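Please model the entire structure based on the sequences and the hints provided.
2 protein chains.
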Amino acid sequence: MRSFRVSLIGSGNVASHLGKALLTAGHRIIEVCSRNPETAAVLAADLSADPVGNPAEVQPGADIYIIAVKDEAVIPVLEQLKLPGSLIVHTSGTLPLIQHSSVRNGVFYPFQTFTKNIPVNFSEVPVCIEAGDPATLAELNAVGASISGNVQVISSEKRKILHIAGVFASNFSNHLYAIASDLLEKEHMPAGLLLPLIRQTANKVQLLHPEKAQTGPAVRNDEAVLNAHLKHLEAYPELHEIYQLLTRSIQSRKS
Amino acid sequence: MRSFRVSLIGSGNVASHLGKALLTAGHRIIEVCSRNPETAAVLAADLSADPVGNPAEVQPGADIYIIAVKDEAVIPVLEQLKLPGSLIVHTSGTLPLIQHSSVRNGVFYPFQTFTKNIPVNFSEVPVCIEAGDPATLAELNAVGASISGNVQVISSEKRKILHIAGVFASNFSNHLYAIASDLLEKEHMPAGLLLPLIRQTANKVQLLHPEKAQTGPAVRNDEAVLNAHLKHLEAYPELHEIYQLLTRSIQSRKS
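Taken in order, these protein sequences are the chains called A and B.
Here the first sequence stands for residues 4 to 258, numbered as in my numbering.
Here the second sequence stands for residues 4 to 258, numbered as in my numbering.
Everything labelled a hint here was simulated from the structure, so no lab data went into it.
Only a predicted model underlies this, so the values are computations on that prediction, with no experimental measurement involved.
A few of these clues could be false.
[To be verified] In the DSSO-like style, the derived pairs of lysine-lysine whose C-alpha atoms are separated by at most 30 angstroms in a straight line are:
1. A/189 to B/119
2. A/215 to A/234
3. A/215 to B/85
4. B/189 to A/189
5. A/119 to B/215
6. B/119 to A/215
7. B/23 to A/215
[Stated by the list, open to error] Covered by chain A, per the in silico footprint, the following chain B stretches (three or more residues, Cβ under 8 angstroms):
8. 13-23
9. 78-89
10. 138-144
11. 192-203
12. 207-215
13. 222-231
Just so you know, even glycine gets a beta-carbon here, dropped at the ideal spot from N, CA and C.
Put into structure tokens, the structure is as follows:
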């Protein structure tokens with residue numbers, strides 16, 4: 004396996020999880036660049052890299068520059084980098100492949116939820132790559148394959164839809180866990196009661212299409228239960244609205 | 004451990020998972036009663052029990068009768084049983100403890116999602132019990148503890164709220180998985196791309212409160228991404244509404 008010299012721009016959750024996975028896979032992290040000198044220093048130390056405070060000061064000579072910052076900061080960062088001819092990728096689910104004549108552009112989007120101090124098994128994370136030319140795509144494929152068994156070439160348009168699907172499957176599910184935890188905690192029940200149910204719900208769809216895994220009062224049209232639940236939720240207008248909308252949505256799939 | 008003689012009324016997912024767990028724990032299943040003679044016969048054979056077609060014919064002599072049928076059928080079934088003095092429980096999340104002078108009533112509610120052919124690790128399932136008198140509660144506790152390490156005495160009112168929380172955490176999350184799968188399949192992407200993300204989302208909250216585990220464009224107020232997603236979803240009014248409502252709900256938690 005070829006060992007890449009990697010520069011990371013960003014020091015958030017994506018940058019830090021990706022940096023650790025790359026280091027573990029045998030690549031070298033040269034620099035970590037972040038406007039936040041503290042997080043840059045911490046992550047750089049973790050990755051045996053040098054911290055840099057300003058994109059304009061990022062050194063040339065790395066094989067790949069990975070911009071892992073908020074979407075709105077990607078273009079401003081790119082415009083400050085002085086790295087003609089270099090391979091520069093972003094990690095956004097939503098931004099298109101950036102056309103920038105003086106560098107080789109690519110996308111390196113790990114389709115996963117990254118949270119501080121929560122380990123990720125990178126080997127199973129779909130890594131979605133895209134590039135402006137086949138040689139660059141081959142390089143991104145090599146980097147991706149060094150950390151994951153699931154590298155996918157996915158267009159900007161499809162990647163955007165994948166990201167939307169991820170918001171439903173992950174961000175919104177997590178929010179439903181938060182709502183459920185609130186409901187229990189308000190009644191002095193431990194939110195931990197939910198954990199086996201949450202695990203099993205996620206486990207079932209590893210084996211079965213979610214449509215076939217659906218259970219509960221909505222899918223079995225149990226009007227008595229639905230009405231009892233909605234009556235209780237009248238005290239929480241937002242939850243009442245979510246309950247009603249998702250129940251209708253489950254029921255409309257069946258018809 | 005005391006071995007109970009159990010009669011099951013119902014042959015659906017709850018009855019069959021619970022029956023198997025009880026059998027495995029060393030109890031005897033005497034009869035399986037269901038109006039559907041086919042499923043009664045199949046489950047009775049699985050549990051080395053006798054099939055019965057009509058609640059009025061269920062034999063006396065079992066230590067516990069477990070009614071695991073749709074909520075609306077519980078009272079009609081109970082009224083047909085001719086078992087004075089017997090211990091009779093239902094498995095509903097929503098129905099109260101039933102007051103019925105001629106029998107000993109209880110509730111035995113396993114807080115889990117049960118789907119045909121998907122195994123359940125019963126030892127971790129919270130079993131919520133309730134009874135009209137302490138001796139009956141002690142018996143239910145013994146049955147519960149024989150299959151689960153997590154038996155909880157929970158009142159009818161709290162059990163109803165637990166059930167509502169379960170609908171959010173499980174039924175609605177599963178529906179979001181279905182929506183996400185649809186979005187990918189429409190674009191000829193494999194829904195399997197979602198599976199590591201779904202697993203990780205459920206795994207994270209085993210370690211961290213879901214509020215702290217929240218990621219994505221809503222919680223980081225990434226307006227550019229939110230607007231791009233909503234624009235794409237204009238073609239799917241129901242998904243647009245769900246996206247908007249859950250995004251607002253995530254954002255309102257922060258303030």
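Hints that the structure is at odds with (numbers, increasing): Numbers 1, 3, 4, 8, 9 and 10 - these are the hints that the structure violates, sorted from lowest upward.
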